[in-house]
Amino acid sequence: MHFRRARIPLAVTLSGATAALCLTGCAATPDADTVTVLNSATDTAEHAANQKFFDRCAGPLGLDVEQISVPADQIASKALRMASSDSLTDILELDGSELPQFAETGGLRPLDDIGVDTSGFSPGARSLGTHDGVRYGIARSVNSLALIYNKDLLARAGLEPPTTWEELRTTARKLTTGDTYGLAFSASPNADGVYQFLPFFWSAGGDEARLDNGRGEAALQLWRDLLTDGSVSRSVVNWNQQDVNDRFIAGRAAMMINGPWQVPVLSAQDKVDWAVAGIPVPEAGRDAVPPIGGTVMAVPKNEDTARERNAAKVLNCLNTEKNQLGWGESVNNVPSRTAAARTYAEQNPALAPFAELVGTARSRTARVGTRWPVVADALAGSFQSVLTGGADPEQALRRAQRQASAGK
Amino acid sequence: MTTTGTAVSADPANPAAAAAPPGPTGRPGRGRLFQWLFIAPALLYMAAFFGYPLVRNIVMSFQHFTPTTYFTGEAPFNGLDNWRAVLSDQLFTDALWHTAVFTAGSLLGQFTIGLALAVFFSRRFPLSGLVRAVLLLPWLVPMVVSAVVWRRILDQEHGILNTALQAAGLVQDGPPWLSSPSTALFATILVNIWIGIPFNMVILYGGLQEIPRELYEAASLDGASAWRTFRSVTLPVLRPVITVVLVLGFMSTVKILDLILALTSGGPADSTHTLGTVTYQLSFLQLDFGRGAVVGNVLILISAVFAVLYLRANRADFGQGK
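Going line by line, the protein sequences match chains A and B.
Each residue of the first sequence is one higher than the last, beginning at 1 in UniProt numbering.
Each residue of the second sequence is one higher than the last, beginning at 1 in UniProt numbering.
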């Protein structure tokens, strides 16, 4: 997905979650001094990095932290199964866009009740963990999307990275030669594609609560124009963000829309010399409105309030300026505290555009809450049908709005 | 007859009578009990692992079953709301149609090619064993891995398939296989055929080995042509095996999910959504388990209809004391 790496949803989730039966998942109540965490750090390095920060915080408090890691697309179903058998972990780390669904259940403890401090966080990061005005989740670091470009190809063509849509179209056209497209983005019908469409949709004034408000059409038109110009491959409707990165590294795209989670892969190769720029905006002088992404940590309600308090202590420690900065650097994400984000941008000038973008970024669920998955599907349907020539932008968004409000 | 106990003391010369279980003339209650005891494990197993989930799924489709249910255990009944919402959704109707086309196309392709290969390999020739083993590969590779490879092969611009077609001068511009709504379903069917061929081939090959050679000898004495022999000897004798292959193939194809998620995620423009992907989307992305269950039930119903047809066909094939 959009916060770590692309991955393929597996049928495994199906078999796992259909059974609410407690067969193997019933663990005994963990030790009073142990704080358990459910997260998606299945990657060994990521798991170890997480453990390092957990230990750093838990050690002085006389606590241990135990991680339970499952693939990111299985977190929700795993958490639900644990909830049904009363065995949820003390800390639950979810994708920000999944938080409302869990907050809505009433099973999460409001963070203010247990003294988790989020003063000094950027507004975007705060909204990522908020549902109906109550803070349930805390994000250590956040990410967004930017324009990543091939420095050599742009220099050779004598071009600067585009800042407006008009420039994006002309630059992409000029950069398209032979086997290389000017631009690549993901327009797949799942979370990846929707995440990539949002910076264009929102910057144009589109509204996820009223998809057919007459503003979002411009974004669809831009994507369609880029395709008909031949500056973007027709296969984008099939590409996830990982595919886009692969194309860029193979030199088949001069620019791409992508996020900071690609940085490790980009840094590990030396074929393409790359740099990061902001997301182009409809007209000069307007702010880009990209989506804010990342995971949030929440505390499920527990009859044993001591466990909740321990979890809160660990969360507060993980989110000190110093720890956020260290964590942000280890995962190439921007710390959610404004002050830490500033330091991060100074220390990582190459990724500074991301730090700037998250300043104006918006949460996907701030306006539509638990209805986001339905809205996201409708939005995906709209750009897919426009890109494949099945509908014009107005038709597509009218249909999407109908779809999003059906069976409310 | 008296009780077994007295039989033992009354007739010590006949230990067999003592050891024998109560016969049909013994106490009927006890015999019945023993019968049930033997059936019980199977019954319990069926009830727990097939009956319970099935009933749960049906009940769930009439409930407002959301993440909240997992926390509170409460799932209020909402009558036909879920059914109405799902059945009135254009996506469901489209998915139903896609599933039908996908299943029919896949079975037709898998079976025809599988049967042709099985017949081909039933003649012995050098290296046939090796080639047969190689043909099994698609079956052994995990579905998701095949899907990733096929996505590359079918890439419109750089895929091997289009490059080959263009080099052969068959097409000017490569077809947009997975990136156009008009071809994507066809492309996914092609991939699924490739995956299903080995299964069809292996089972049919096994069936072919069972056909007595005398039948073929008799046919050739009668002067039957190769085609005539195939039609009048091979196909009729192979019929039970063909039924098995088609029904099993149907069951695994109609609920297709992983292949499509990995190839297209249901796109472009919903053109490859099947009942499997719709139920996945409803239950695991939108977390609306009630509506997901509706689609699941439709799938179960379709499978059940075919299971009944299968059982009847089986009875016709095996039931007449063959």
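Hints were generated in silico from the structure; no laboratory data involved.
For glycine and all other residues, C-beta sits at the position ideal for the given N, C-alpha and C.
Keep in mind that a hint or two might mislead.
[Claimed, not checked] Just a few of them, taken from the derived set where beta-carbon distance is under 10 Å, the chain B residues facing chain A: (1) T72; (2) P76; (3) A269; (4) S271.
Each hint, compared with the structure:
no. : hint : in the structure
1   : T72  : holds (7 Å)
2   : P76  : violated (14 Å)
3   : A269 : holds (4 Å)
4   : S271 : holds (8 Å)
Checked against the numbered hints above, the structure breaks only hint 2 and satisfies the rest.
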